[in-house]
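Work out the full structure, taking the sequences as your base and the hints as a guide.
Residue numbers (the numbering used here), protein chains in the order written: chain D, 600 to 875; chain X, 600 to 875.
If you are wondering where the hints come from, they were derived from the structure by calculation, not from laboratory data. Glycine included, C-beta positions come from ideal geometry on N, C-alpha and C. Hints may contain errors.
Said to hold, decoys possible - Result set (DSSO-like, lysine-lysine): computed pairs, CA atoms no more than 30 angstroms apart in a straight line:
id, chain 1, residue 1, chain 2, residue 2
1, D, K790, D, K621
2, X, K661, D, K601
3, X, K621, X, K601
4, X, K782, X, K838
5, D, K790, D, K838
6, D, K601, D, K621
7, D, K661, X, K601
8, D, K661, D, K601
9, D, K661, X, K838
Said to hold, decoys possible - Here are a few chain D residues that face chain X, going by a calculated C-beta distance under 10 angstroms:
id, residue
10, S604
11, N606
12, A607
13, C608
14, G610
15, T612
16, Y616
17, T660
18, Q665
19, A669
20, F857
21, S859
22, M862
23, E863
Residue strings, one per chain:
Protein chains: 2
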Amino acid sequence: MKTLSENACFGGTQGVYSHASKATGCDMTFGLFMPSEAADGPVPVLWYLSGLTCTHENAMTKTGAQGWAAEQGIALVFPDTSPRGDGVADHDDFDMGQGAGFYVNATQAPWAPHFRMWDYVTDDLPQLLGAHFALDMSRQSITGHSMGGHGALTMAMGLPGRFRSVSAFSPIAHPTSSDWGRKQLGGYLGKDESAWAPHDATLLMQSRGFDGPVLIDQGADDQFLDLLQPEALAAAIAKRRQPATMRLQPGYDHSYFFVSTFMEEHVAFHADALYA
Amino acid sequence: MKTLSENACFGGTQGVYSHASKATGCDMTFGLFMPSEAADGPVPVLWYLSGLTCTHENAMTKTGAQGWAAEQGIALVFPDTSPRGDGVADHDDFDMGQGAGFYVNATQAPWAPHFRMWDYVTDDLPQLLGAHFALDMSRQSITGHSMGGHGALTMAMGLPGRFRSVSAFSPIAHPTSSDWGRKQLGGYLGKDESAWAPHDATLLMQSRGFDGPVLIDQGADDQFLDLLQPEALAAAIAKRRQPATMRLQPGYDHSYFFVSTFMEEHVAFHADALYA
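See below:
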């Protein structure tokens, strides 16, 4: 593991590190905020998964999450959104390939060798973090924005017992029935749609739900509302009677200005679960 | 004036606008955060001047200032740091020319035609803002980072009665004796150093001070400490017995992670003065 930068931030440290990933077969970069409390012992972890076109950096610099995490004594992990590099496959479109890994393990050419973001986020990176930092890996929660909200919800429901709480900002909520999903799941996982189901938050909510609290914020003026399909997830939550708070926020769009506005509440929501 | 974007943000609106500036003779872009209170009438204004290489955008996306301004019912203005465009002079170095206007009115070739950032920030842009937005221009305060901290301090002291309070994050505090200053003031204003004095916070503090509260935060681990020379300004503050709070923050560097860490306190400091 290589330290790329470390900056004092809200009494703690915002670091950026890179490492050779077994899962993705390439070097991966991630951001990690450690609150001051980590000096005295392991602290709980909140994962933040980012959206299309983002790297580890966007949320780390634009959401203001560190201030709230510092207040709660919680670490924040900001993984990248895909494998990257010259030897890694890519696509001309912004919503496929590098910067758009969709948090799945690709099985199809040309993606299969490197696009294993599910394993990277759920296995490879947690092992590295647990080994190198004062993190209590028995207390983890997860959130994310857009494609990252999709990743957060699918990982939380797909790995029962791993995360104590899950939240999402304007998640891609029903990718198997959206142009933000069918193209990518088809490309990464192949034409057999049964392989897509574990990567659709609405289908997972229908089939199994989540054993813990759920918080979802969605801007009512989001320019991508038709692609995100929050109404499908809302219906699945209602039908299952899943304990969840789902809020349509009037006036808000898909931007980081929206995410930063509600970040305080999301971090406090996760802190309640992590310290319960 | 042209609206480039408007995003809902902390109950208010983060806008980006462009306009043809008389002062700089080119199109200028600025950011403006209006809190929800502006719907009911004019709100006070806090100016944020940015540092070398920045545009209107950096502080607007990285400091988290809008959340605190929304809490206080204060508007935020984020001007650009120089004139820009194909017809505008530039320099190969990052600390001179476009992105590095140093908040002066240049008198020397090739800078004189456009590099009039003092007039732009103190005259041109305030007139535009007062005419187009629900802003109470009788209640203004000013802050900034690095080169922008220099601008905030020199404008606050250079225009008595204009600003109710001034603060700065790691300002260029004594440019007439620093490589961040001598080169630029010489280039923009010429060899006669008497023309530089109104653009040196330490010299202004020695000669006139500020009739209001002053807050300065400086990271003790700032990589540019030798160029910033906070000790010169501290000595001038002490000698004048200027009411001021000047803090060296252990561990912090020159980055936006430092600025965002102390932004809440700066906005609250200005709110005290603006609502006094």
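Out of the numbered hints, which ones does the structure contradict? 9, 16
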